[in-house]
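K.L.:
Sequence:
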Amino acid sequence: MLMAGLDGVEKKMDPGQPLNKNIYALTPEELKDIPSVPGSLEESINNLKKDHAFLKKGDVFTQDALDMWIDYK
1 MLMAGLDGVE KKMDPGQPLN KNIYALTPEE LKDIPSVPGS LEESINNLKK
51 DHAFLKKGDV FTQDALDMWI DYK
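The sequence shown begins at 1 in the numbering used here and counts up one residue at a time.
Read the hints as simulated data drawn from the structure, not as lab findings. The reader is advised that the hints may include incorrect statements.
Quick list of in silico lysine to aspartate or glutamate cross-link-like pairs, EDC-like style, CA-CA up to 16 Å [unchecked claim]: (1) K49 to E29; (2) K56 to E10; (3) K50 to E30; (4) K49 to E30; (5) K56 to D7; (6) K56 to E42; (7) K57 to D14; (8) K11 to D51.
Label pairs and their computed distance ranges (CB to CB) [as the list claims (entries may be wrong)]: (9) A4 to D71: 38 to 46 Å; (10) W69 to E30: 32 to 40 Å; (11) Q63 to D33: 20 to 28 Å; (12) M68 to E10: 21 to 29 Å.
Ideal placement from N, C-alpha and C gives every residue a C-beta, glycine not left out.
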């Protein structure tokens, strides 16, 4: 998660406005507009396939290691 955050800073991505609400008190209708992390392993792997260059920075992960996780699914 740290590497994803650093990638966002480097790309000058807008993190959006802070959410000053108790998300546990929101209705399903209100929750649908709030971005969230992937809800399943399949969704996580699909996101990894689309964007993983930032994970190879600093030799933290190799392409072989990333391919192994993608193929492991």
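K.L.:
Decide, hint by hint, whether the structure agrees.
P.N.:
Structure-based check of each hint:
Among the hinted pairs, K49 with E29 is inconsistent with the structure: their alpha-carbon atoms are about 30 Å apart, more than 16 Å. Straight-line distance between C-alpha atoms of K56 and E10 comes to about 15 Å, which keeps the hinted pair within the 16 Å bound. The straight-line distance between the Cα atoms of K50 and E30 is roughly 28 Å, outside the 16 Å bound, and the hint therefore fails. A C-alpha spacing of about 29 Å is found between K49 and E30, which places the hinted pair above 16 Å, so the restraint is violated.
Distance hint between K56 and D7 is fulfilled; the C-alpha atoms sit about 11 Å from each other, no more than 16 Å. For the given pair, K56 sits about 21 Å from E42 by alpha-carbon distance, which is inconsistent with the 16 Å threshold. With a CA separation close to 21 Å, the supplied pair K57 and D14 exceeds the 16 Å bound. Proximity of K11 to D51 is assessed by CA-CA distance (about 13 Å); at most 16 Å being required, the pair is judged to hold.
Checked against the given bound of 38 to 46 Å, the beta carbons of A4 and D71, roughly 21 Å apart, lie outside it. The beta-carbon spacing between W69 and E30, approximately 34 Å, falls within the hinted interval of 32 to 40 Å. Under the hint 20 to 28 Å, the C-beta atoms of Q63 and D33, about 36 Å apart, miss the expected range. Between M68 and E10 the CB atoms are about 26 Å apart, so this pair conforms to the stated range of 21 to 29 Å.
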